[in-house]
Amino acid sequence: MLSKKKCVAMLLAGGQGSRLAPLTTYIAKPAVPFAARYRIIDFSISNCVNSGIDTVGVLTQYQPLELNDYLGTGSPWDLDLRFGGLHILPPYQAQKGGDWFKGTANAIYQNIKFIKRYNPDYVLILSGDHIYKMDYDIMLQEHIENGADCTIAVIDVPLEEASRFGIMTTDEKGRITEFAEKPENPKSTQASMGVYIFSTDALIKYLEEDEANPESENDFGKNVIPAMLADGQKMYAYLYKGYWRDVGTLSSYWAANMDAIGDKPELVLNDPGWRIYYRHSFNYPQYIGENALVTNSICGAGNEIDGKVNNSVIFNNAIIEKDTDIEGSIIMSECHIGKGVKIDYAIVDHGAVIKDGVTIIGDRSGDPVIIERDSVVSGDIMEGGRK
Amino acid sequence: MNAVGLIFADSYDVAIDELTAQRTLAAIPFGARYRVIDFKLSNMVNAGIRNIGIITTQKYSSLMWHIRGGSFWDLDRKQSGIRFLPPYAYEGVNSNYENRLEAMLAHLNYLKECREKYVVFGCCNYVENVSYEEAMKLHVDTDATITCIYTKNPINKSKNLHVTTYEIADDGKITGCYFEDKLNGSQKNVSASTFIIKREELIQLIEKASRSGGVSFRNDVLVPLIKEGKVMACEAKRPMLFIDDLSCYLKSNLKLLEPDTRKQLLKNEDRPIVTRVKDSAPTRYGKYAVVTNSIIADGAIIDGEVRNSIIFRGVRVKKGAVVENSVIMQDSTIGTGAHLNYAVIDKDAVIQDGRLLSGYITHPFFAGKGVVI
Numbered sequence: 001m002l003s004k005k006k007c008v009a010m011l012l013a014g015g016q017g018s019r020l021a022p023l024t025t026y027i028a029k030p031a032v033p034f035a036a037r038y039r040i041i042d043f044s045i046s047n048c049v050n051s052g053i054d055t056v057g058v059l060t061q062y063q064p065l066e067l068n069d070y071l072g073t074g075s076p077w078d079l080d081l082r083f084g085g086l087h088i089l090p091p092y093q094a095q096k097g098g099d100w101f102k103g104t105a106n107a108i109y110q111n112i113k114f115i116k117r118y119n120p121d122y123v124l125i126l127s128g129d130h131i132y133k134m135d136y137d138i139m140l141q142e143h144i145e146n147g148a149d150c151t152i153a154v155i156d157v158p159l160e161e162a163s164r165f166g167i168m169t170t171d172e173k174g175r176i177t178e179f180a181e182k183p184e185n186p187k188s189t190q191a192s193m194g195v196y197i198f199s200t201d202a203l204i205k206y207l208e209e210d211e212a213n214p215e216s217e218n219d220f221g222k223n224v225i226p227a228m229l230a231d232g233q234k235m236y237a238y239l240y241k242g243y244w245r246d247v248g249t250l251s252s253y254w255a256a257n258m259d260a261i262g263d264k265p266e267l268v269l270n271d272p273g274w275r276i277y278y279r280h281s282f283n284y285p286q287y288i289g290e291n292a293l294v295t296n297s298i299c300g301a302g303n304e305i306d307g308k309v310n311n312s313v314i315f316n317n318a319i320i321e322k323d324t325d326i327e328g329s330i331i332m333s334e335c336h337i338g339k340g341v342k343i344d345y346a347i348v349d350h351g352a353v354i355k356d357g358v359t360i361i362g363d364r365s366g367d368p369v370i371i372e373r374d375s376v377v378s379g380d381i382m383e384g385g386r387k
Numbered sequence: 001m002n003a004v005g006l007i008f009a010d011s012y013d014v015a016i017d018e019l020t021a022q023r024t025l026a027a028i029p030f031g032a033r034y035r036v037i038d039f040k041l042s043n044m045v046n047a048g049i050r051n052i053g054i055i056t057t058q059k060y061s062s063l064m065w066h067i068r069g070g071s072f073w074d075l076d077r078k079q080s081g082i083r084f085l086p087p088y089a090y091e092g093v094n095s096n097y098e099n100r101l102e103a104m105l106a107h108l109n110y111l112k113e114c115r116e117k118y119v120v121f122g123c124c125n126y127v128e129n130v131s132y133e134e135a136m137k138l139h140v141d142t143d144a145t146i147t148c149i150y151t152k153n154p155i156n157k158s159k160n161l162h163v164t165t166y167e168i169a170d171d172g173k174i175t176g177c178y179f180e181d182k183l184n185g186s187q188k189n190v191s192a193s194t195f196i197i198k199r200e201e202l203i204q205l206i207e208k209a210s211r212s213g214g215v216s217f218r219n220d221v222l223v224p225l226i227k228e229g230k231v232m233a234c235e236a237k238r239p240m241l242f243i244d245d246l247s248c249y250l251k252s253n254l255k256l257l258e259p260d261t262r263k264q265l266l267k268n269e270d271r272p273i274v275t276r277v278k279d280s281a282p283t284r285y286g287k288y289a290v291v292t293n294s295i296i297a298d299g300a301i302i303d304g305e306v307r308n309s310i311i312f313r314g315v316r317v318k319k320g321a322v323v324e325n326s327v328i329m330q331d332s333t334i335g336t337g338a339h340l341n342y343a344v345i346d347k348d349a350v351i352q353d354g355r356l357l358s359g360y361i362t363h364p365f366f367a368g369k370g371v372v373i
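So the protein sequences, as listed, match chains A and B.
If you count the first sequence from 1, position 189 lands on 189 in my numbering, and the numbers rise without skipping.
If you count the second sequence from 1, position 253 lands on 253 in my numbering, and the numbers rise without skipping.
A couple of the hints might just be wrong.
[To be verified] So, partial list: chain B residues that the calculated Cβ filter (under 8 Å) puts toward chain A:
#: 1; residue: V140
#: 2; residue: K267
#: 3; residue: G286
Since the hints were made in silico from the structure, they are not lab data.
Heads up, the beta-carbon is just placed ideally off N, CA and C, and yes, glycines get one too.
Could you put together the complete structure from these sequences and hints?
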């Protein structure tokens with residue numbers, strides 16, 4: 001067995017995801033359920049596996065219990081390996097003290113030892129909070145052909161949205177000439193996806209320099225990338241053209257879920273050549289009752305549905321009783337929706353109970369109504385949550 | 001539980017020809033996502049049995065592929081776990097066993113190597129969710145030599161097939177064992193072909209029966225012990241769905257549409273029935289989907305009408321197709337405008353646009369694995 005890996009992936013999964021609250025009150029953002037049976041992090045890990053990367057370090061920090069349970073030994077992704085595989089990397093105490101991860105770059109810096117163990121030529125840095133299906137191997141090949149020190153995956157975004165992202169300006173060969181984090185007047189529409197490939201030596205050198213700089217916020221986008229660019233390192237943009245969504249806000253999370261429904265969904269989950277792997281819970285196939293009408297929706301397992309469901313995403317083991325009408329909503333696992341309920345534009349979090357006859361209607365111009373985890377709703381909710 | 005499990009992947013009494021043409025009985029798909037053996041395996045694991053041997057004779061490739069190392073049942077352990085016992089001929093034992101006695105005789109070494117005190121062994125010609133702990137308690141408390149699990153309500157047991165019935169005294173002792181040509185009368189105690197016995201005693205009994213030329217576990221082991229009054233009966237109280245022939249198979253699948261059956265068989269929270277993980281996508285319903293009273297597995301894409309049916313993983317029901325009272329197995333496609341009634345469609349079949357296929361509950365229409373109609 002080889003005693004080295006060509007490429008090791010480091011997955012940043014410690015973010016709080018505060019804009020996704022209250023879905024992230026008890027769980028880290030990468031562990032937030034998505035598309036009827038997945039967690040957000042399944043997409044990044046499955047991309048690794050499908051791209052032939054079998055060594056993944058997952059850096060955790062915020063509310064790690066459920067995320068750690070979910071990841072386990074990595075067996076759902078076939079990453080329970082003797083050499084390589086999935087490793088959870090929490091902050092730790094060492095002889096000279098210890099610290100929380102101060103920023104994305106510091107999180108990797110604190111785990112340089114983990115990287116060195118596999119002696120990789122390349123390190124892939126990912127964030128565990130995007131929904132996309134991407135072959136990192138194609139990007140790696142470009143990185144190698146360019147002889148790059150760092151390659152940053154970018155997508156083309158509309159100009160009016162560009163100021164929300166880190167924006168790259170490149171020359172005709174794709175070499176990055178300028179990088180601006182959330183610029184007011186963006187010079188291009190190539191936005192960073194938060195997916196980086198570094199040649200290992202360059203990464204370690206710049207992480208050590210960054211750590212030695214007391215002024216630094218220890219962040220890839222704010223500090224490490226600009227420092228490398230300033231030094232004239234060979235940095236390239238890799239233009240990715242497939243499906244990619246940042247699910248950082250409640251409305252973008254809702255919209256990305258809706259991308260998985262329809263006759264020709266934007267987010268194809270049934271692709272046998274690019275499976276999204278996930279940890280299974282014990283359940284049984286779903287039952288659709290005599291009074292049900294389920295259209296244009298996706299549903300997980302173990303549900304008992306007897307009501308009308310349209311344009312919606314239903315997770316596992318939910319009960320939806322008769323004469324109930326669910327439209328444009330996300331119903332998470334273990335929810336119980338009573339009889340004669342009407343729900344439109346809402347996210348009902350895990351284990352919530354909606355009593356008979358309740359009406360919940362969100363305002364489509366704002367965020368969907370959020371019914372919090374394990375809550376019991378017996379009165380109507382009109383208009384919606386935060387705008 | 002201090003017991004080793006032994007599963008006969010073939011039944012030596014039953015042949016459901018259509019579905020076993022390419023697979024062993026234990027590997028028959030059932031209930032939208034399971035295979036028949038999942039029930040027996042899960043029952044054993046739920047009872048705390050951690051060492052399970054599976055005796056196979058023929059066509060066991062799909063069964064092995066389904067079970068693999070047993071990881072889905074947490075049976076991929078360093079100590080014990082799943083052990084496949086495929087046939088091998090030795091010392092005059094036929095490699096193609098014709099009965100359970102012969103099968104156990106061939107694998108006597110396996111039984112001798114085990115360390116567990118008891119053996120729980122049985123066939124796969126039905127699905128059930130049964131507590132072997134209760135049966136074991138009864139077995140130990142009554143100090144029986146063998147305890148036989150039986151049912152008073154053999155759901156969808158074929159009326160045209162051999163059946164083993166027990167005569168049971170008030171104290172639960174079996175006083176008679178009958179091999180009847182067909183099931184008749186209503187109040188019968190039908191054998192579930194599942195037994196509990198001390199491992200050492202089973203080994204001795206098999207060796208003894210074999211030496212005296214025995215050919216049947218029932219006739220040459222069980223019946224003599226019954227005469228000695230050493231056999232107890234334990235009733236399986238939950239639904240036991242038989243799959244003796246194609247009609248019974250269809251009826252037993254459709255029986256899952258009853259909430260109570262589903263609850264007792266599949267939704268029993270302390271006793272989950274576990275099957276192989278496939279990483280299927282969620283079920284996707286299209287704009288034109290009309291689904292009522294049906295069980296739909298994950299990975300299916302439904303855009304037609306489905307009524308009173310069981311739909312397995314990865315099935316496509318296209319717009320305008322109608323599926324009624326049917327079982328559609330994994331990855332089959334039902335084309336636009338096709339209409340199926342009382343049909344059993346095996347895996348990977350393609351029913352092309354506009355086909356009208358209908359059987360009846362007693363004589364379901366059957367399309368074999370990979371067939372294109």
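| query | Of the numbered hints stated previously, which ones are contradicted by the structure, given in increasing order? | reply | Per hint list: single violation, 1.
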